[in-house]
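Colleague: Here is what each chain is made of, one letter per residue.
Protein chains: 2
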Amino acid sequence: MENIIFTIEKGTSKYIQIYKQFKLLIEQGDIPANDQLPSIRQLADSLRISRNTTLMAYEQLVAEGYIRGEGRRGYFVNELEAHIVKEGAISIPDQQSEPTTNYIVDFKAGSVDQANFPLKAYRRISNSVLTLQETFLYGNPFGEMCLREQIATYLLQSRGVKTNPNAIIIGSSTQQMLIHLGQILKDDFQSIIVENPGYDGAREAFLFHQFTLETLSVDETGADFSQLDDMKSRLIYVTPSHQSPIGVSMSIQERQKLIQWADKRNGYIIEDDYDSEFRYTQQPFPALASIDSTKVIYLGNFSKSFLPGMRLSYMALPEVLLNRYQNQFKYFESTSSLLSQLTMAKFMEEGEWNRHIKRMRLVYKNKMQCIVSALNKQFGQHISIIGEQSGLYVLVKIHDDRPEDWFIERASNYGVKVYPTSIYYFNNQSDVPILKLGFSNLNCDQINFGVNLLKKAWL
Amino acid sequence: MENIIFTIEKGTSKYIQIYKQFKLLIEQGDIPANDQLPSIRQLADSLRISRNTTLMAYEQLVAEGYIRGEGRRGYFVNELEAHIVKEGAISIPDQQSEPTTNYIVDFKAGSVDQANFPLKAYRRISNSVLTLQETFLYGNPFGEMCLREQIATYLLQSRGVKTNPNAIIIGSSTQQMLIHLGQILKDDFQSIIVENPGYDGAREAFLFHQFTLETLSVDETGADFSQLDDMKSRLIYVTPSHQSPIGVSMSIQERQKLIQWADKRNGYIIEDDYDSEFRYTQQPFPALASIDSTKVIYLGNFSKSFLPGMRLSYMALPEVLLNRYQNQFKYFESTSSLLSQLTMAKFMEEGEWNRHIKRMRLVYKNKMQCIVSALNKQFGQHISIIGEQSGLYVLVKIHDDRPEDWFIERASNYGVKVYPTSIYYFNNQSDVPILKLGFSNLNCDQINFGVNLLKKAWL
Chain B
64 MENIIFTIEK GTSKYIQIYK QFKLLIEQGD IPANDQLPSI RQLADSLRIS RNTTLMAYEQ
124 LVAEGYIRGE GRRGYFVNEL EAHIVKEGAI SIPDQQSEPT TNYIVDFKAG SVDQANFPLK
184 AYRRISNSVL TLQETFLYGN PFGEMCLREQ IATYLLQSRG VKTNPNAIII GSSTQQMLIH
244 LGQILKDDFQ SIIVENPGYD GAREAFLFHQ FTLETLSVDE TGADFSQLDD MKSRLIYVTP
304 SHQSPIGVSM SIQERQKLIQ WADKRNGYII EDDYDSEFRY TQQPFPALAS IDSTKVIYLG
364 NFSKSFLPGM RLSYMALPEV LLNRYQNQFK YFESTSSLLS QLTMAKFMEE GEWNRHIKRM
424 RLVYKNKMQC IVSALNKQFG QHISIIGEQS GLYVLVKIHD DRPEDWFIER ASNYGVKVYP
484 TSIYYFNNQS DVPILKLGFS NLNCDQINFG VNLLKKAWL
Chain E
64 MENIIFTIEK GTSKYIQIYK QFKLLIEQGD IPANDQLPSI RQLADSLRIS RNTTLMAYEQ
124 LVAEGYIRGE GRRGYFVNEL EAHIVKEGAI SIPDQQSEPT TNYIVDFKAG SVDQANFPLK
184 AYRRISNSVL TLQETFLYGN PFGEMCLREQ IATYLLQSRG VKTNPNAIII GSSTQQMLIH
244 LGQILKDDFQ SIIVENPGYD GAREAFLFHQ FTLETLSVDE TGADFSQLDD MKSRLIYVTP
304 SHQSPIGVSM SIQERQKLIQ WADKRNGYII EDDYDSEFRY TQQPFPALAS IDSTKVIYLG
364 NFSKSFLPGM RLSYMALPEV LLNRYQNQFK YFESTSSLLS QLTMAKFMEE GEWNRHIKRM
424 RLVYKNKMQC IVSALNKQFG QHISIIGEQS GLYVLVKIHD DRPEDWFIER ASNYGVKVYP
484 TSIYYFNNQS DVPILKLGFS NLNCDQINFG VNLLKKAWL
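First to last, the sequence lines map onto chains B and E.
In short: position in the first sequence from 1, add 63, done, that's my numbering.
In short: position in the second sequence from 1, add 63, done, that's my numbering.
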């Protein structure tokens, strides 16, 4: 022990410095097992620190098991494996991230309009929520009742869905809820029908539970429901209001056919109503769940209509499934922010939500008109525009036999980012190039400028 | 058609009123299929509304498939199943909720101190985050890099864990992350060892994936690691810094033994470091992951140390598992609020987090002293206090052979809520009554008053 030199620096607590140096010496084997440490008085005197500081360092070492106190005899080093400390994940290489290109115009779909976000109301309400007692507790595992009540009212008024706040479950994303839902469905249902093309995230969530996937083809005229008869699944996942990504809506006849199918097969329809708020040519169509809520699991979220980063989704469950869900997940904590839930509940209660949706419908309708007329003007007969009745993006089908990648790369060379649709196809391939152009966070000038650049890139 | 009376009220848009009344009439079969609707001019004149309003109502009905336009011939009703609309979940009874008793003192553990919450700093930062562009996008599926960087720095400084921001995954709760983690572990590991008593939420998350559970007994002296040799699992879930619920900490020898065990079996240790920040008698012990991060999956969260309702958790993965995780979940959206992530990153970056932890350690230390001295004063030799070195609760072991329920009910009769520990036991039974008393959101007066009432209730 005599030749060990301790260094005591200013800044960090002295006792922690002594503790750490002893710890290292013991771990490295520099002080062997059963050696006696200097007495508290000795060490304190030699380092010119208080005895109390020394005592604290020794007590930390005792508590962690590095040394033991043997009463008046003093402190001794415990047995320890030498050189046990290994370096860990420190050398993990940087994540493969896309090379960051600075785009002049990014036709990103996963965004909302920042300029028209109700910043003042949202701040006021979220700041007030921070003073509530319940904000400092764990929340209800199935979601806060105040928000579930607001959602139930909204679903009845806007989507024709008659449900009960208790039948509504709050989650953090559609995928997270599909993982939970899959857990209570997978024993009775081994396979599920999904739309092709369709939302890739839902497919992934079903694959999480090893569901076998059957595909229902969809094009601009809708889905061919006669295919259902040849399929063996009793479960189907659909986007009836605004097919993702094609954009068609199911007619009342198709909706009825689907309900009858589920009824006959004793199955369920999972209706993902992800952006039904934004239909421009007519009122949003009533939800499938408004026709028969005993056969339909209704999913909605605030990602398109309010703010994706809030991570706030919900589902309305038929009674049989609700009981099963509550039993399965009663010991699971909510995955959804309590602050966001309480804020959104108050936002809806005060009428801010309805005002926001009305305002945004006009804002996005205007943007949709911009992009459609810009595309028509620049491309005319070279393209077909798909899905201009609703939503926050359009699909551009190009009458050309070059591959999708070519159009994306050419656009990129001109500083414009457009998105593929092949990822929505089951085999990651579409027959003709179809590009996805989102416009939610672009203004009309940016949209026009972007489409102009696309013309240069593509024609 | 002649005797159908339309009512047009003020307030709601006229076209929606007309649309809804037609829809109902068609659904109820009051207007049979292939019947002709009044022409737009006729209806507009008879209702004294504009032709444009009538046209909009008809177009909505056409779009949804209720009627069809046949050019100059006019509008006709489509085929439709009669009486298809079924009532749904509307009659679901209210959720079975506990009868709400108003407690005078609630020794709840799942809460944080509201009086010392850094409200001003949090509001300032979260309000500023609302103006950032990235707040309006979908976030990184694995968590925002700015927060992962802050957590990596914090883990190194405070827990001795050397990791890399890329190896850190942000989630919304420990259970949510265990569900994801279980997905990438379940093929290689069919069973897992859990502590008994132990965190019930973790057990549930492992049962989600049908892991077989083996139990490692823990008491006030710690776990008996010699039991590990007889077990067949190669995976273990532990709470080394502050065993949940017993409160003991693993010594360095026990930590080493565990690491060697994992090494020898080619397994992993899941280290749940859920409230390591609050150790009062010494510095927090270094994490298991600081000894060997290749064998340890490290889990942490902000629920005890900051705010449970934020739903912000994280884990640091060994490299092999990280690759597997990234592949499995690259198409899954984050479950954790982007607002909370960006706010917490800035909060940490500005040093507010370290200040908060320092302050709260003193606040909770003071409360811990209050409750321990109150219990000692009122109960003396009738009880033993377990776990007073750290955390936001103590366990009270009562030297009495009446059952746990008796003590909870008696306390309730005196207006005090105390919590069971039997739920943490594998068979839901402990040998002696042990009650859990949380104090995080009570002040010293409330604590003293509550303990006084408990004396009246129990002695």
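Be aware that a few hints might be false.
Note: identical chains are not told apart, hence a pair may lie in one copy or across any two.
[Claimed, not checked] Below 20 Å or equal to it, Euclidean Cα-Cα: the simulated SDA-like pairs (lysine to any residue) are:
| hint | residue 1 | residue 2 |
| --- | --- | --- |
| 1 | K295 | K320 |
| 2 | K460 | T357 |
| 3 | K183 | D464 |
| 4 | K225 | Q80 |
| 5 | K83 | Q220 |
| 6 | K249 | H272 |
| 7 | K83 | S221 |
| 8 | K428 | N390 |
| 9 | K518 | Q290 |
| 10 | K183 | K440 |
| 11 | K519 | R422 |
Bear in mind the hints are in silico, worked out from the structure with no lab data behind them.
Colleague: Classify it for me, K225 with Q80: is the Cα-Cα distance of at most 20 Å met within a copy, between copies, both or neither?
Modeller: between (65 Å within a copy, 19 Å between copies)
Colleague: Under a CA distance limit of 20 Å, which applies to K460 and T357: within one copy, between copies, both, or neither?
Modeller: neither (38 Å within a copy, 49 Å between copies)
Colleague: Under a CA distance limit of 20 Å, which applies to K295 and K320: within one copy, between copies, both, or neither?
Modeller: within (17 Å within a copy, 53 Å between copies)
Colleague: Could you figure out if K83 and Q220 sit no more than 20 Å apart (CA to CA) within one copy, between two copies, both or neither?
Modeller: between (64 Å within a copy, 12 Å between copies)
Colleague: Checking K83 and S221: alpha-carbon separation at most 20 Å within a copy, between copies, both or neither?
Modeller: For K83 and S221, only the inter-copy Cα distance (12 Å) is at most 20 Å; the intra-copy one is 63 Å.
Colleague: Within, between, both or neither: how does the pair K183, K440 come out at a Cα-Cα threshold of 20 Å?
Modeller: neither (38 Å within a copy, 52 Å between copies)
Colleague: For the identical chains here, do K519 and R422 meet the 20 Å Cα criterion within one copy, between copies, both, or neither?
Modeller: neither (34 Å within a copy, 60 Å between copies)
Colleague: For K183 and D464, with the copy left unspecified, which applies at a CA distance of at most 20 Å: within, between, both, or neither?
Modeller: Intra 49 Å, inter 59 Å, cutoff 20 Å: neither.
Colleague: Using 20 Å as the alpha-carbon threshold, which applies to K518 and Q290: within, between, both, or neither?
Modeller: neither (39 Å within a copy, 71 Å between copies)
Colleague: Is the C-alpha distance from K428 to N390 at most 20 Å within one copy, between copies, in both cases, or in neither?
Modeller: neither (43 Å within a copy, 38 Å between copies)
Colleague: With identical chains, the pair K249 and H272 could be close in the same copy or across copies; at 20 Å between alpha carbons, which is it: within, between, both, or neither?
Modeller: Answer is both: 7 Å inside a copy and 12 Å across each meet the 20 Å cutoff.
The structure does not agree with the numbered hints 2, 3, 8, 9, 10 and 11 stated previously, though it agrees with the rest.
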